[in-house]
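Engineer: For reference, the chains in residue letters:
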Amino acid sequence: MTALRKRAIVSLRSAPSLPRHVRIQYDPVRQAFAVLSPEKVFWPNEISLDILRRCDGQSTVDNIITGLAADYDADPENVAADVIAFLQEWSDKLLVKL
Amino acid sequence: MSEPILPPIGMLAELTHRCPLQCPYCSNPLELLKANRELDTQTWLDLFSQAADLGVLQVHLSGGEPTLRRDLEQLIAGLSARGVYTNLITAGVGIAEGRIEAFAEAGLDHLQLSFQGARPATTDRIGNHQGSHEKKLETARRARAAGLPLTINAPVHRHNIQEVPEYIDLALSLGAERIEIANVQYAGWALTNRDRLMPDLAAVNRQADIVAAARERLAGIMDIDFVTPDYFAIYPKPCMGGWARDAFMVAPDGIVLPCHAAQTIPSLRFERFGERRLAEIWTDSPAFNAFRGTDWMQEPCRSCERREVDWGGCRCQAMAIAGDAAATDPACVKSPIHKYMAILTDAAQEEAASEGNESFIFRRIGATIRPSTRA
Ligand code: SF4
Ligand code: SF4
Numbered sequence: 001m002t003a004l005r006k007r008a009i010v011s012l013r014s015a016p017s018l019p020r021h022v023r024i025q026y027d028p029v030r031q032a033f034a035v036l037s038p039e040k041v042f043w044p045n046e047i048s049l050d051i052l053r054r055c056d057g058q059s060t061v062d063n064i065i066t067g068l069a070a071d072y073d074a075d076p077e078n079v080a081a082d083v084i085a086f087l088q089e090w091s092d093k094l095l096v097k098l
Numbered sequence: 001m002s003e004p005i006l007p008p009i010g011m012l013a014e015l016t017h018r019c020p021l022q023c024p025y026c027s028n029p030l031e032l033l034k035a036n037r038e039l040d041t042q043t044w045l046d047l048f049s050q051a052a053d054l055g056v057l058q059v060h061l062s063g064g065e066p067t068l069r070r071d072l073e074q075l076i077a078g079l080s081a082r083g084v085y086t087n088l089i090t091a092g093v094g095i096a097e098g099r100i101e102a103f104a105e106a107g108l109d110h111l112q113l114s115f116q117g118a119r120p121a122t123t124d125r126i127g128n129h130q131g132s133h134e135k136k137l138e139t140a141r142r143a144r145a146a147g148l149p150l151t152i153n154a155p156v157h158r159h160n161i162q163e164v165p166e167y168i169d170l171a172l173s174l175g176a177e178r179i180e181i182a183n184v185q186y187a188g189w190a191l192t193n194r195d196r197l198m199p200d201l202a203a204v205n206r207q208a209d210i211v212a213a214a215r216e217r218l219a220g221i222m223d224i225d226f227v228t229p230d231y232f233a234i235y236p237k238p239c240m241g242g243w244a245r246d247a248f249m250v251a252p253d254g255i256v257l258p259c260h261a262a263q264t265i266p267s268l269r270f271e272r273f274g275e276r277r278l279a280e281i282w283t284d285s286p287a288f289n290a291f292r293g294t295d296w297m298q299e300p301c302r303s304c305e306r307r308e309v310d311w312g313g314c315r316c317q318a319m320a321i322a323g324d325a326a327a328t329d330p331a332c333v334k335s336p337i338h339k340y341m342a343i344l345t346d347a348a349q350e351e352a353a354s355e356g357n358e359s360f361i362f363r364r365i366g367a368t369i370r371p372s373t374r375a
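Keeping their order, the protein sequence lines are chains A and B. Going by this note's numbering, the first sequence opens with residue 1, and the numbers climb by one from there. Going by this note's numbering, the second sequence opens with residue 1, and the numbers climb by one from there.
Since the hints were made in silico from the structure, they are not lab data. Yeah, the Cβ is synthetic: ideal placement off N, Cα and C, and Gly gets one too. Among the hints, a few may not be true.
What the hints assert, rightly or not - Lysine to any residue pairs mimicking SDA-like chemistry, simulated, CA-CA at most 25 Å apart:
id : chain 1 : residue 1 : chain 2 : residue 2
1  : A       : LYS97     : B       : ASP209
2  : A       : LYS97     : A       : VAL29
3  : A       : LYS93     : A       : GLN25
4  : B       : LYS237    : B       : LEU6
5  : B       : LYS237    : B       : VAL333
6  : A       : LYS97     : A       : ASP50
7  : A       : LYS6      : A       : PRO76
8  : A       : LYS6      : A       : LYS97
9  : A       : LYS40     : B       : ILE221
10 : A       : LYS6      : B       : LYS237
11 : A       : LYS93     : B       : ARG206
12 : A       : LYS40     : A       : ASP82
13 : A       : LYS40     : B       : SER27
14 : A       : LYS6      : B       : ALA208
15 : A       : LYS40     : B       : LYS339
16 : A       : LYS93     : B       : GLU134
17 : A       : LYS40     : B       : GLU216
18 : A       : LYS6      : A       : GLY67
19 : A       : LYS93     : B       : VAL333
20 : A       : LYS40     : B       : ALA77
21 : A       : LYS93     : B       : ILE224
22 : A       : LYS40     : B       : GLY55
23 : A       : LYS40     : B       : ARG364
Said to hold, decoys possible - Stretch-level coverage of chain B by chain A, calculated; a stretch enters the list once three of its residues show a Cβ under 8 Å from a Cβ in chain A:
id : stretch
24 : 54-63
25 : 143-152
26 : 217-224
27 : 323-337
With the hints as extra help, turn the sequences into a complete structure.
Structural biologist: Okay, structure coming up:
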């Protein structure tokens with residue numbers, strides 16, 4: 001087996017970004033944001049979109065959680081669990097780079 | 001129509017039927033179009049622009065071999081300017097120096113490269129092209145060097161199903177983000193060669209186990225897309241996500257089709273882009289409306305709880321096997337002729353035993369043959 005990469009695990013210090021084959025785009029026909037990937041188009045809900053938009057390769061997961069908790073006026077601990085689970089799932093599908 | 005017609009999301013553009021390879025599993029129609037029938041650059045660009053207006057977000061540039069179009073860079077740039085996601089589906093043989101870099105520069109989002117086998121001898125034999133495997137490896141390296149994301153496409157059938165583990169290693173070693181392990185769908189040339197391509201049940205089951213284990217092992221390392229083999233299925237696939245629901249394809253001469261094999265349904269007439277606008281064809285064409293939604297269905301589909309899950313399966317498979325394009329896809333266990341699928345797969349094994357492997361009808365422009373009449 002020639003595994004050249006390793007499965008990435010989300011930590012508070014990861015700085016997630018969107019890989020080159022994934023992009024967020026506003027679709028004027030459906031008036032919604034789409035996430036485009038090689039075979040699939042996703043229609044993320046508002047909170048998923050907010051997480052993905054913050055995946056700029058600069059902000060850490062910790063920053064993202066703090067920012068979202070402030071914006072949604074929510075408990076950071078609850079936000080943390082959701083954000084980490086979301087990012088791990090998208091990373092496992094190679095749609096987010098950690 | 002009871003439901004409103006939604007705009008399409010995806011489009012498969014078969015830019016040309018020309019191809020340096022001759023894969024016996026090719027999904028192209030038996031009557032391949034020559035270069036003089038292909039749309040010109042400006043017509044493709046107009047079509048792409050109308051597609052973007054209509055709501056298309058992704059265009060798959062395919063063929064034949066799409067890189068044989070000298071204007072491919074221009075077509076990619078046109079799509080990219082409209083924000084459309086572009087996916088180039090190539091066999092990766094004979095792409096001139098500097099072009100892959102030019103595709104990337106024009107805005108190509110992703111490249112999908114097919115390997116006819118995981119071993120050089122298999123690739124060269126199935127594509128009927130000496131040295132093609134080596135050229136594909138080179139294409140993969142150049143794509144990576146140009147920064148392009150890569151999917152390796154593995155079209156699986158009897159002659160390479162045992163190479164699935166090697167395919168996975170190959171994709172990993174080439175740095176691919178994805179591998180598509182796609183069991184051949186029996187349309188076009190694949191239908192003609194069905195008896196020579198059909199794997200046996202034991203191999204199919206082994207493959208499913210291998211893929212399941214690899215998916216677990218490679219989570220977060222490489223994405224594995226698995227297109228399961230229809231003839232061994234219990235329920236059919238939602239072909240094209242449902243007839244004329246969210247995707248369509250365009251043949252090299254501009255004929256707009258709901259799917260690859262739609263032209264095998266003799267009762268349908270298709271329209272050519274240019275004679276009508278794309279939006280009109282999408283919403284009004286009788287061929288697109290023929291099997292849209294669920295109103296056309298007969299029993300058992302009509303009252304089935306899965307009718308909006310798989311939309312009754314593949315119309316062309318119903319045509320080819322049941323002789324009625326409005327029948328339930330015979331891949332479905334509820335089809336009255338589902339048992340016939342097992343007869344077909346068994347017959348293929350017998351033929352394999354008696355005939356040997358070397359009798360493919362290779363895909364070629366002008367090869368005058370007729371589809372298998374057994375079905
Ligand atoms: S399947 Fe083979 S013959 Fe058909 S277009 Fe692809 S590479 Fe060419
Ligand atoms: S009967 Fe028709 S709708 Fe129901 S599962 Fe089979 S193909 Fe799908």
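Engineer: Please name the hints from earlier in the document that this structure breaks, with their numbers sorted from lowest to highest.
Structural biologist: Result: hints 1, 2, 7, 10, 15, 16, 18, 19, 23 and 27 break, sorted rising.
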